[in-house]
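Chemist: Okay, here's what each chain looks like letter by letter:
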Amino acid sequence: MPDRKGLTFIIGGARSGKSAHAETLVTAAPAPWTYIATAEAYDQEMRERIALHRSRRGEGWATMDAPLDLAGALAALPDGQPVLVDCLTLWLTNHMLAENDVEAECLRLTDVLSRPRGPWFVVSNEVGQGIVPDNALARRFRDAAGRLNQQVAAIADTVLLMVAGLPLKVK
Amino acid sequence: MPDRKGLTFIIGGARSGKSAHAETLVTAAPAPWTYIATAEAYDQEMRERIALHRSRRGEGWATMDAPLDLAGALAALPDGQPVLVDCLTLWLTNHMLAENDVEAECLRLTDVLSRPRGPWFVVSNEVGQGIVPDNALARRFRDAAGRLNQQVAAIADTVLLMVAGLPLKVK
Amino acid sequence: MPDRKGLTFIIGGARSGKSAHAETLVTAAPAPWTYIATAEAYDQEMRERIALHRSRRGEGWATMDAPLDLAGALAALPDGQPVLVDCLTLWLTNHMLAENDVEAECLRLTDVLSRPRGPWFVVSNEVGQGIVPDNALARRFRDAAGRLNQQVAAIADTVLLMVAGLPLKVK
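Residue numbers (this note's numbering), protein chains in the order written: chain A, 230 to 400; chain B, 230 to 400; chain C, 230 to 400.
Quick caveat, the hints were computed from the structure, so don't treat them as lab data. Heads up, a few of these hints could be off.
Stated by the list, open to error - Listed next, with one range per pair, are the computed distances between beta-carbon atoms: (1) R285(B) with A304(A): 26 to 34 Å; (2) L281(B) with L281(A): 33 to 41 Å; (3) G309(B) with M293(C): 51 to 59 Å; (4) L326(B) with D372(A): 18 to 26 Å; (5) A304(A) with A367(C): 36 to 44 Å.
Glycine is no exception: its CB is placed at the ideal position from the N, C-alpha and C atoms.
Could you build the full structure based on these sequences and the hints that come with them?
Modeler: Shown next, in the form of structure tokens:
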């Protein structure tokens, strides 16, 4: 029922096929589809990743950039609009680098996500299954990302864990 | 059947909701509940984490510290006692830092865990799904943690993998 | 049906019991079994890991080394031969260190794997669920490993995620 209102949360490691799978799910609803990009192109490596993702998506997609005000971007969407948010981890990174109030921002975001007004798909990274990072900033980021992932999973209708490109249903 | 004898093993990444989920499971059995903490407060960051976990638990909990002699602490419990051990990864860290015989200690622990005398819940971290760590100590720790997790999962009645706060049944 | 033709892909973190579980699956088919090792013993730590794996396997196993030409080794096998490839991550590492054309090599390999001529079992590591690594080579490796894992999972008949020594069926 991809054209119904509802929140689907897609979590996985790096290169686990999260974005590609999310695109498949979104495009099962009728076009047009909105892609909300949270990435900011700080360097060449990031610019290449963004270009690669963009080139994979074809006709029927409108792209919006929301590196910080993701809640606002979602709130401004028309009812019934199929949306892919890619991804929460970069959005969180942007807020941490900007030294914003991360807890307040997460609350604002999950408030909007808890009332999806169309088939909404949100992608995020699992970053907590490695060794404890050496530096304190990475540990703070890992904690904040884990908490945000829990909050979004709690309000999502469907949660998928991506493993080597394949979805494993968690909820 | 949370008041029956049995071992439940809850594994997951950092901030995956392991402790909170384990507390929910333990408190489905009648109080009093025993919380066995393995953490040692080496620094301020750790002290804050311990305080946060402690404040989340409310009435009905007795807390025991067992940074090293976890097998002894478990053996000393009365029959039928609901217990939460949080967590194996820190217990292992303590033994490695103390340069104890890790293999022997794991054997002692799993021997006690293989005969649960109440509803016992044990929490541990998945630390092996990142890039191979640079330093040899982290690799040794990762190996030892993975082996211990396998040993405990093998004797557990139930094994849950936590993903963004949600349990995925593995066994 | 372990003696039928088919590709089983076993993915998991470090010390998640991938190799041991794969050996159990392979040896459910009649001997002789072929173990294709991709590891190169660069240092003492690696030599010890290889020796440990080798000592665990007993009678009935033939070992082949294929640190680079894994496609060739598989193509040279007789029909119906039960095979364990351990593991793709080290094979990929070898090609990256040799500065070979990784994309072309992955294509050659997946081409052979897409037509298994016996019960073939392939082991690989999940390396993408930790914090983004500091150095660019580790990030490139993580990307390449994730892509290869997706390609192999896509053509596999069965995909298992190992968690603390236990298999979780993904496909």
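Chemist: For every hint, state whether the structure bears it out.
Modeler: A quick look at each hint next to the structure:
In this structure the supplied range 26 to 34 Å holds for R285(B) paired with A304(A), their Cβ-Cβ distance being about 32 Å. A beta carbon spacing of about 40 Å between L281(B) and L281(A) agrees with the range 33 to 41 Å that was offered as a hint. A hinted range of 51 to 59 Å for the beta carbons of G309(B) and M293(C) is consistent with their spacing of about 55 Å. For L326(B) paired with D372(A), a C-beta distance near 22 Å keeps the hint of 18 to 26 Å intact.
For A304(A) paired with A367(C), a C-beta distance near 38 Å keeps the hint of 36 to 44 Å intact.
Of the numbered hints listed earlier, not one is contradicted by the structure.
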